[in-house]
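Trainee: Please construct the entire structure, taking both the sequences and the accompanying hints into account.
As you go down the protein sequences, you meet chains P and S in turn.
Quick note on numbering: my numbering labels position 362 of the first sequence as 362, and the sequence is numbered without any gaps.
Take the position in the second sequence, starting the count at 1, then add 1000; the result is the number in my numbering.
Simulated from the structure, these hints should not be mistaken for lab results.
Being a predicted model, the structure only gives us computed values, none of them experimental.
Mixed in with the good hints, there may be bad ones.
What the hints assert, rightly or not - Here are a few chain S residues that face chain P, going by a calculated C-beta distance under 8 Å: (1) His-1062; (2) Leu-1066; (3) Leu-1172; (4) Pro-1175; (5) Gly-1217; (6) Ala-1218; (7) Asn-1266; (8) Phe-1280.
Where is the CB? At the ideal position from N, CA and C, for every residue including glycine.
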Amino acid sequence: MKKWMRSIGLTSVLVAGSLLAACSSGDSGTDNGENGSADDVVEITLSGWGSSPAEQRIFEDIIATFEENHPHISVNVDIVADQYMDVLRTRLIGGNAADVFFLEAFEAPALMETGVLEPLDDYITDEFNVNDFEAPLIDAFTQNGTLYGLPKDTSTLALFYNEDMFEEAGLEGPPETWEELEDYAEILTESTGQYGFGVVADLARLMFIAEAKGGSVTQDNLASFSDPKVVEALQPLIEMKQSEIAGAPSDVGADWGGEMFGQGRTAMMFEGNWTISFLEETFPNLNWNTAEIPTIDGVNGSMAYTVAYVMNKDSEKKEAAWELISWLTGPEGMELWAGAGFAFPTRTSVSDELGLFDDEIRGPFAKATGYATVWADDTNLPIIYNNFNNEFLSAFLGQRPLDEALEEAESVANREIED
Amino acid sequence: MAKQDSNSPTMIKEAGKRYGMDYSKRALREAGQGYAFMAPTLLVIGVFVLLPILYAVFLSFHRVQLLGGTSFEFVGLSNFVRISDDYRAGIALWNTFKYVIIVVPAQTMLALFLAATLNAGMKGEKFFRIIYFLPTLTSSAVLTLIFMWMYNQEGAFNQMLAFLGLPTYNWLNDPSVALTAIMIMNIWATAPFFMVIYLAALQDIPDSLYEAAELDGAGPIQKFWHVTVPLLRPVTSFAIIMGIIGTFQLFDQSYIFSGGSGGPSNSTLTVVLLIYQYAFDSAGRMGYAAALAFGLAFIILTATLLQRKLSKEETFY
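Mentor: Spelled out as C-alpha cells, the structure:
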C-alpha cells in the first residue's frame, strides 16, 4: 500500500514538474521573441459582435491602419458570435474582459452604474474636441456628469418604399405625413394584394411613434407607457393591422423587416440603414427608394441606435486602450469607418465632410440623425422593453385592447423594477 | 455458482475471523484503496456538483451584485418570499405546469404505442427502430431551428394543414399556440427515447403469459391491456419520472423559440428561462434566481414523490 502511494506521489511530482518545465520554457521562448524587437509592443484586446463579412473586412482594415500608425500597439480583435451582453457580463465578473469593447446605448446605463467602466473625462484633451459629437449620442454614455463611452457610429430608421408597387397603385413619391401613409397603405394593399405597410412590433422601433403625441414611455426610470397619450399615438398601428393594410414580418414568414420588404411582401417599411446593403446584395432586382419617415402632427421622427467604445476599468493597458479609442472615434478613424457606408458618423465635422445629406439613398437616414429619438434611457430600460413587447404584441394581434394590454405591462414592469 | 460464493460477504467475514487482528487492518487498507480509486470521481463531483449546489444555497439567501466589486448582502428568506408575488414567476410556473401535464402523458403513451407496433413482429422492424430513434439523437437546438422553419407562417406545417383543409396558425408569434408548437416538437423528439426502453421491456415479457391469456379467450386488445400494460408498469413509472424531471426543466427550446424573451406575450416563458433571465441580466438578481431554482427543485421533488406514491411499482417485483 505504502509503496503504491509512494509511486503515485512520485508520478504526480514528475507530471507536475514536467508541466512546470513546459510552461517555463514556453515563457522564456516568448520573452526572447519580444526582446528581439526594437520596442515593446503593447498588445490590447478589442471585443465586439460580428456583422456582415463585408463590414467585418472593412473594420479589420481600419484596425490594420491603426496598427501601422501606432507600431507600438498591437490590437487583438475578438468577435463574440452570439449573446454579446451575457458573454461580456460574465467576462467582466470573471475579470478577463477585453481592454476596449463595444457597448450599445440601450445597455450602457446598467454597466455604467456598476463601475466596471473607466471614466474617460480625464483622458479627453481639447484637441480631441468632444463637442464635435452629436450631443444626444454623448448623453447616452454619460451618467452623473461622467462620460464612459465614445459613440463609434449611429444608425437611424427611414422609410423604404417599393417603386414598382407604387407605380402599380398609381402613386407618385413617398408619403410625407402619417395620414398620407395610412391612405397609401390602403391603396397599395388594394391594388397589389400585398401589405401596404410593414410594422415591427418592437419598442426599439416604435418609441418615437409612442412619444409623438406628447406622452413618455418611461419616467424616472419607471415604465409610464399606459399614459393615454402613448396609447393614442400607438393606436393607429393597431388599427392598420386590424384592417389588414399593415402586417408584421412574421405574418408573411419573414424573419425581419428587410426580408419582408425585399420579398415584395410589403410596399412600405420603416427600417434601418443596415437594410441598404442587405437589399443591394440579396435583392438586386428590386426597385426601391428611401425617404424620411412621414411626419406625425407635422413633426419629424425616427429612432437612432448607437454603439460606443468603452474601456474596461480593470485594464492594465489604459494608455494604449485610450490611444485606440481616441483614434477610432477621432476624425481620421471615424471618416474611414463612416466612409464605408455601413453606419453614420457621430461627429458633425465628419458628417459634413462626407456629404451624406446629399446622398439619394442615405440622405434620409443622415437627416434623421438630427431629430431621431436615441434608443437609450436608464438602467431599467431592458425590463421595461421586455414587458412592453410582450403585451404590445397581444394587442397588435388583436387579442386585447391596447390600453388594457399596456396598463398590465406597465404594472408588471414596475413591480419587477421595485422589487 | 461456486465462484460467486467465494466472494460473498460471509466468506470474507470468515476469512477475517481466521486472520484475527489482520481483519480490520486489511479492511481499512481495502477501503483506503477503494477511496483512492474513487478520488478522481469524488473530486470532480465535489467541485462541479456539490460545491455549486452549496454555493447556490448560499446565493439564495443573499442579495448578490456580481458586476463591479462583487457584494453579498444577507437577506434571509426574502428572496423566497418574493417568489409569491412575482407575476412573471406565476406565468412561468403555469406555462411549465401546462407543458408537463400535456407532454409527459402524451410522450409516454406515444412511446408505448410505437414500441408495441414495433414489437408486433412486422417486417423491417430494425429499420423503423432506427428511423424512430433519429429525433432523439438530434441536438435539441438544431431540432428547434428546423422546427421553427417548418412552423413558419408559410412553412411545411401550415401548408400541410391548408392541404388538409384545416385552419393554419402563426405558430411562432401567436401567444395562444406558441407553447403548443413547442409541446408538439418535444413529444415527437422525446417519445422515441422511451420507446427504446419500452421495447427492451416488451421483449422480456414471457410468451407463456400471452399463451395463457389466449387460452382464457383474450383478444389482442385485451392481451395488451391486461398483460402488456401491467407488466410494463415499472418501466412506465421510470418513463414518467424521467419525463417529469425533463419537462420541468424545459429551457433550450423555448429560449431559441422566443430569442430568449419568453415571448410572444410571455407564452413560452418557462421557470428555467425565467431563472436564466434573472440570473444574467445586470440588475443583480442572481440571489433571487438561485431561490427560484430551489423552488423548482422542490416542485420537481414533490411531483416525483407523488408519482411514486401513486404508481405502487413494487407490486410486480
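Trainee: State for each hint whether it applies.
Mentor: Here is how each hint holds up against the structure:
1. His-1062: violated (15 Å)
2. Leu-1066: holds (5 Å)
3. Leu-1172: holds (6 Å)
4. Pro-1175: holds (6 Å)
5. Gly-1217: With a minimum Cβ separation of about 56 Å from chain P (threshold 8 Å), the hint on S:Gly-1217 is violated.
6. Ala-1218: violated (51 Å)
7. Asn-1266: holds (5 Å)
8. Phe-1280: Check passed: Cβ of S:Phe-1280 comes within 5 Å of chain P, closer than 8 Å.
Hint violations for this structure: numbers 1, 5 and 6, all remaining hints satisfied.
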